[in-house]
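S.K.: These are the residues of each chain, in order.
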Amino acid sequence: AQKVTQAQTEISVVEKEDVTLDCVYETRDTTYYLFWYKQPPSGELVFLIRRNSFDEQNEISGRYSWNFQKSTSSFNFTITASQVVDSAVYFCALRVNTGFQKLVFGTGTRLLVSP
Amino acid sequence: DVKVTQSSRYLVKRTGEKVFLECVQDMDHENMFWYRQDPGLGLRLIYFSYDVKMKEKGDIPEGYSVSREKKERFSLILESASTNQTSMYLCASSPSVQGLEAFFGQGTRLTVV
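Chains as they are written, first to last, in this note's numbering: chain A, 1 to 115; chain B, 1001 to 1113.
Read the hints as simulated data drawn from the structure, not as lab findings. Every residue gets a Cβ at the ideal spot worked out from N, C-alpha and C, and that includes glycine. All the given hints hold, so there is nothing to weed out.
Covered by chain A, according to a simulated footprint, are these stretches of chain B (three or more residues, beta-carbon under 8 Å):
#, segment
1, 1036 to 1048
2, 1085 to 1095
3, 1100 to 1109
Let the sequences and hints guide you as you build the complete structure.
M.R.: This is the structure we're talking about:
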């Protein structure tokens, strides 16, 4: 069975602080895909990044960076110099390469960035 | 831009009513999904469709049905709404190519009274 765990329910930081959102996944498949989505107060989930199981390179996009480690089954997300606009719920998700490509989501982490 | 549009942002329905939630996507995606989002539970898959008239049950299909008569449209039906179906409902679509991301609509917050 596939499972995604986001142990941090809510994180509060002050603007300009760095913050890391944790994601741990479980799967027996050797081919799988990991995703991060952002859900702002408007409600729509916004895709941030996709990573496949064969690509362990870390990625940086502006203030965002992702650390994928197969050895610990983790795909953590770091926001550098956080801003108020980063306030949202962030979801980590897993899709395996079998069946009908179901996305399995974690329970989400609510990030509150105060001025 | 990929667009997934849900027909309503907010709905209030009475217990026992038949409720239709509509979703339309404009990217010719093969796959469409209905998720339910509840606090502390994340997103849970209700139903999935990989082609017109084709559907598969997700993790929590009880009390729901779906319809996909056209490729761009995927409807979620609550045959007899109950208060425990009060929730946020999210529609998504994705191409059939393995591993590509899904795109989500803005969500429908349904309240059953």
